Amino acid sequence: MTGTVRVIINDRPIEVPAGTLVVDAAKRLGVDIPVFCYHPKLEPAGMCRMCLVEIGMIKMDPQTRQPMRDEEGRPVIQWMPRLQTACTTRVAEGMVVRTNTLQVQEAQRAILEFLLTSHPLDCPICDKGGECPLQNLTMRYGPGESRFDYADKMHQEKRVPLGDLILLDRERCILCGRCIRFQEEIADDPVLGFSDRGRGMEIITFSDPPFASYFSGNTTDICPVGALTTTDFRFRARPWEMTPIPSICPHCPVGCNITLDVRPSARKGGWDILRVMPRQHEAVNEIWICDKGRFVHHFATAEDRLRQPLIRRNGELTPVSWEDVLEVVAEALSRAGPQAAGLVGDRLPNEDLYLFRRLFGEALGSSWISMDPPIFGGEWVARYGVGTGTDFGQMRPGSLIVVMAGDLEEEAPVWFLRVRGAVRRGARLIVAGGKPQKAERYADLILRYRFGTEALVLVGALQVLLDENRVAPEVLPRLDGLEALRKALEGYPLDFIGQRTGVPVEQIRAFARAIAEAGEVVLIFGREGVVDGEAFVGMAANVLALTGHVGRPNNGLLPLWPHANTQGALDFIGARPLPEEVPVLYVVGADPVGDGRPMPRAGFLIVQDLFLTETARMADVVLPAQSWAERDGTFTSAERRVQRFYKAIPAVGEARGDWEIFIAIALRLGQRWRYLSPEAVMDEIARTDPRYAGMDYGALAWTQPQWPPVGTSRDLYFGGTARPNTAGLGRVRPSEAETPEARWPLAWKAPEIPSEESILAIPTRRLYQEGTLIARTPHLRGRTVPWAARMHPETARRLGLEAGQMAVVRVNGQTLRLPALVDPSVPSQVILLPASLTARAGVVEALPVKFRVEVGNGALPR
Amino acid sequence: MLREKYAHEVEAILAKYPVKRSAILPLLYLVQQEYGYCAEEGIREVAEITGVSPTEVREVVGFYSLFYDHPIGRHRIQICDDLPCALRGADELVAHAVRRLGVQPGETTPDGRFTLETVMCIGACHRAPAMQVDLEFVENVTPEVFDRIVGDLSRDGM
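First to last, the protein sequences are chains A and B. Numbering of the first sequence is given in the numbering used here, commencing with residue 129 and proceeding in unit increments. Numbering of the second sequence is given in the numbering used here, commencing with residue 28 and proceeding in unit increments.
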């Protein structure tokens, strides 16, 4: 189906791509054809019959091949004998559609009357009331009165739990199947289905645990009635009572656009976040979010948030006023001066990271600041990160997506959805990893290597590219270091690589060729099992640069960074080792003690956070900071898209924004900072930092219409699906390779490869890994993955461990203690640890090192 | 369970179809034979054997009225009470059955031997009233015929 066809809808002509559905063609003309089961993101089903229209074809004269005309010269139209469903009929040349005739209106009334015979009409207590397509369409197209007796309604169960998060109200359900199709087509977790027939038909789940999917909340958005509701939001508020505040999800590097729906709340004694909804951004999250993004917001309004500054007096942390505490902090920092050190988390917004850097650099003259956790590969992402304009939604045949050393669904769930969508549209996928993952279902090629040999697999691919002369000729003049690379590779024969990595040489060849031959390549990489981060990311950069897959849209590196603003932390802070002992240490938004990472010993410890973390418990001074919901700011996603979020609720207690606190300290240290808001800080960044040039708050708030039009005021039938984006699509900070005159350097570092006998500790990220923030969402308690050392029974046997036993694991001099969990699906010779814990090893978060395991009784050896 | 106990049958069923998914129906009959109904355990095993999600197999069980999602009696008696059968005395037949078995339609006798049900048309209107006993049709049913069949099934020791 190529080209366009011309159709006439309600006497208005329009030209649309061949294959367009009648319902979508009408939408482009601004003509609403009402629907229930149809959804523009799903395959058509034709189940609800709400979209019936008259369809005809212009009659052609078989001799002249011209339209036949009546006496008045108008084309003769051959109408189909019955009404047709606009959601399953595709346009054809010469098609004529009428959506507003008496016959159509009669059908619409009849369908609504029919649907409402089984509907309880409990709108006054229904969560969907006010944003309900069934309400909206009934008001616009319905009969007003029913011929059926209200008392005769069939009643069904109103509270059927589909798992811990989603509830089904059977009598509200109109059996449109949107939820079932979402789970099959978009999430690929086919855990919902129809059971029984006729009036007994109902939605069921039979997975274990029930409704096992990271995307279940989306079904409540696209449900056109109040049949599916979340246990979190059910009966908590009416839609019109809440104010939707545009925001950005704070959990992962995708940067999903969301709204925080807020309302004054007696229970919280102030304002509360009632729910999180997706906000449409077709290039980022379309209209979806994962369940972590939707449900893990309770931490912001949690009871145990820090509400006032604390200072250590007689050994106890006791409340103190901001004035007094700031004096103490400023004095301590000023005494330490250039010796003061700072550790800052990668969840802080850009504005705050920028001011933290200025505070240390300018007010203290200290260069001892680092992000926590430290991250490798940032410089290669800055150079060869995906080009501006990259959009999985545009990837099609000829596009290739590579996922390597990370679990796409666990680490960036919405990218998983979008990659799957790209594959459905014809893009190819290669998954390379040390253990299986869900994305492999759609992979054209799966490379299963030995953990720890990631960089070597890429060295193999480089070997093939050079052997077979597959360097893109047009990029040759831009490349630096090709000859050095060629020479270095001589030490790595392909046979050796095949033997060490465990990947058949033919697969390495196929991998390299697929990259060379693809029109577009995005290489998504994580840190799972990566021993030598510098070599790994460097080799990945080489592979893309050599084949010309950098510096343009839909090409380049895409990192699975751990948090929402890791990219910003790399841009403004960076990772560098701090001295082992410092006079004053200022830890902001990070919990190295709780996460088990090394932290300099400090004469005086200042901690700034939302909660009294393990690190904060050790502090001399604790400063209460605001969550992202309490202030304005920006995050930079792993695609390097800088996006704004807006203040949604007032400060909790006396908590202040990190940026405000830095300003207050800087003023006490004699600086003349005059920022009144994060906006003023970003203005300065946009003026002074070429990477963020022009990205002031005005520019970041720019929007353009999104297609399909979802949740807009003129849209009656996708109500409640997602919020329209009226607050900004953000701006992508370009990769260096995009500059026309930029040189494209190649890297070489001999990869460090662990010996074949060694057992590796592998940091793995799980979406619901036990942690500070997720612990405050009780609804996810049943799904939380507890801290454990997961290993193959064979590995456990070698180490003399039994399931459930406490393993005392020594990693690079650090000692961890956690229960051993035996799991035959784990590859042998590795132990999988929670990502944050493995960094306790004392190396960067994703760098596992050789270690030994001792069976212990749980006591920590000193 | 199925794979151990009915390894041969499962093999034979799978061999019949180009895609495993197609084997769901015959495998479910096997489940029903083993458990007396489509027990959850059996559904999950069929899902494993065919590589289809358990929810999808459960959908199939729900769709067909000859699969039971709850335990029923060893023999299932379904009496048609649709119009032609009703005109030929189905209501009286049902009343007789209720007296004879001592249970209402939809119930199972305390000894677990019979489940009585009334159903819509089973396609035997020309010899109404009709009923289906397990997988067998019985036509022109009279109370005497009913009693004889129930009597035979009560003695079969099964």
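Treat the hints with care, since some could be wrong.
Computed Cβ-Cβ distance ranges for the label pairs, DEER-style [what the hints assert, rightly or not]: (1) B:Glu67 with A:Met267: 21 to 31 Å; (2) B:Gln60 with A:Trp835: 20 to 30 Å; (3) B:Gln60 with A:Thr912: 35 to 45 Å; (4) B:Glu134 with A:Lys281: 23 to 33 Å; (5) A:Gly328 with B:Leu52: 42 to 52 Å; (6) B:Lys32 with A:Thr912: 35 to 45 Å.
Hint data in this document are derived by calculation from the structure and do not stem from the laboratory. Quick caveat: nothing in here was measured; it's all calculated off a predicted structure. Ideal Cβ placement from N, Cα and C applies to all residues, glycine included.
Verification of the hints:
1. B:Glu67 with A:Met267: 21 to 31 Å: For Glu67 (chain B) and Met267 (chain A) the Cβ distance comes to about 43 Å; the hint is violated.
2. B:Gln60 with A:Trp835: 20 to 30 Å: 53 Å, violated
3. B:Gln60 with A:Thr912: 35 to 45 Å: This hint holds: roughly 41 Å between Cβ atoms.
4. B:Glu134 with A:Lys281: 23 to 33 Å: 27 Å, holds
5. A:Gly328 with B:Leu52: 42 to 52 Å: Violated, at about 20 Å.
6. B:Lys32 with A:Thr912: 35 to 45 Å: 38 Å, holds
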